[in-house]
Amino acid sequence: MWCSWPGAAIGLEVLERYGCRMVDGLGLTLTLVALSFSLGLAFGLGLAVLRLRAPRAVALPLAGYMTFFRGTPLLCQLFLIYYGLGAFRPFWQEVNLWWFFRDPLYCCLFAFVLNTAAYQAEIFRGAIASLPAGQAEAARALGMRPFAIFLKVELPQAMIVALRPLGNELIIMIKASSLASLVTLYDLMGATKLAFARSFDLSIYVVAALVYLLMVEIIRRVWDWAEGRLTQHLAIRV
Amino acid sequence: MDTYLALLSFGPHGWGDELLAGAGVTISIALATLPFGLALGLLVALGRRSGSMVLRGLSTLYTTIFRGVPELLTLYIIYFGFQVLAQKAWKGLGFAGNLEISPFVAGMVALGVVLAAFSAEVWLGALNAIQKGQREAASALGLTKFQAFRLVVLPQLLRIALPGLGNNWMVLLKETSLVSVITLQDTMFIATRANVVTKEPFLFFGIACLIYLFFSMVSARGIGVLETRMNRGYSRAGV
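Sequence lines, in order, name chains A and B. In the working numbering, each residue carries its 1-based index in the first sequence increased by 21. In the working numbering, each residue carries its 1-based index in the second sequence increased by 1132.
Hints are not guaranteed to be accurate.
To be verified - Selected chain A positions facing chain B (Cβ under 7 angstroms, derived; list incomplete): (1) Ala-30; (2) Gly-92; (3) Cys-97; (4) Gly-105; (5) Ala-108.
To be verified - Simulated coverage check for chain B against chain A, where a stretch passes if three residues somewhere in it have a Cβ under 8 angstroms from a Cβ of chain A: (6) 1211-1217; (7) 1321-1332; (8) 1344-1357.
Hints are computed from structural coordinates only; laboratory data are not their basis. Since the structure is predicted, the reported quantities are computational estimates derived from the model, not experimental observations. Built from N, CA and C at the ideal position, the CB exists for glycine as well.
Chain A extracted, bound-state conformation (with noise of 0.2 angstroms):
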């Protein structure tokens, strides 16, 4: 197989014989990323929207739960669904909803999902209301309808303010998507795992952190030419 390559190239018996099994798991890690922070964009951009214009009684409770998936650790949200929310068996058997609730994989998208869209919202929160009132007020002037002045005006500029701060965010979640190991997956964080835990060869790790830092270091490149594109309107020209 061509993923047991790498290995043998580099004399890394550990790579050769579990190099299928990274392969793998960084499929699983790319996966889950991917997945979770497109969910959790949409999510947040509502949410944030939600918190600034829905009434109190809506925003309030979407405050708290921003509050409590800011405030607490991810492991601990993962953990409290995956096996809290998995310990109501009958009641999920009873809804149809026991096939979600017993699987790993769900369980973790769920968490990771509700953990980056609290963040994103945050993100879009502060985006938008960092625009000066006046954007919303010309185009108001103009004729513009609210859902018009919020898609044409306003989502645009607060885009590129939440731009830098989204990639921080994605970042952070190929980060934070390791935790996965911990509730049985083998993601790339839990191949390795296994890889070491056959082998005892600590080498497995630090490969392992040589692709986190390649993913991570790929997004940040791409962001930043991404952030020369789009903001070549607001350059300084001398």
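Assemble chain B onto chain A, guided by the hints.
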């Protein structure tokens, strides 16, 4: 309801006292890590600004690595790496038996090096915010480089860096939950064990979350008070 209260009581059958001890361990490791991580972070930040290219390169490499590798992985590498190294040294010195590395120390070192990497960015931003003229003025007054740093730069540095460092502290507080995987008996560890014994995961992980939430909220208040205190004497523009 009564059974839940009994589970959380402070007796031999309740988990109240254990949870409290776990919360104590959580806050102790966070507090023990803080000075070590912040001091190392400041050194790394100074390295990033140093004139020597080697030092600059090394400190940039340091922050890149420890900000990019998952904390859990850093923790494993340091914990198991320490174990292997200490074992070799122990055997090398001709002693018999096994040498155990304390999970507290391993956890503190792992969380500390990560905190250093993140706080270095904050320190760096604050160092850059202090105008060059201040250092020049200090040297014109005949202060040595070290004196200028201690008497002129440092007092201002803390005020500027505080919001960022406050953030670092909040992240650290939550990250301490990871040390439960190297068997340090913190809040998370106790909650896991209570779950194994009582089969009440929702109750115990819920309580654990609330303990962390409590620490987070108290910290947020504390940092707010500290910021007000440090900014007294600075009127905010436009107010």
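Structure-based check of all given hints:
Interface restraint check: Ala-30/A against chain B, minimum CB-CB distance 23 angstroms, threshold 7 angstroms, status violated. A distance limit of 7 angstroms between C-beta atoms decides the matter here; for Gly-92/A the minimum to chain B is near 4 angstroms, and the interface restraint holds. Because the closest C-beta pair between Cys-97/A and chain B is about 5 angstroms apart, less than 7 angstroms, the hint holds. Among the interface hints, the one on Gly-105/A holds; its C-beta lies about 4 angstroms from the nearest C-beta in chain B, closer than the 7 angstroms criterion.
The restraint placing Ala-108/A at the interface with chain B holds, with a minimum CB-CB distance near 5 angstroms, inside the 7 angstroms limit. With 3 residues carrying a beta carbon less than 8 angstroms from a beta carbon of chain A, the region 1211-1217 of chain B meets the three-residue requirement, and the given coverage holds. Counting residues of the region 1321-1332 of chain B whose beta carbon lies closer than 8 angstroms to any beta carbon of chain A gives 5, which reaches the threshold of three, so the coverage claim holds. Remark: the region 1344-1357 of chain B is confirmed as covered by chain A, as 4 of its residues place a Cβ nearer than 8 angstroms to a Cβ of that chain, reaching the required three.
In summary, the structure is inconsistent with hint 1 from the numbered list given earlier, while agreeing with all the others.
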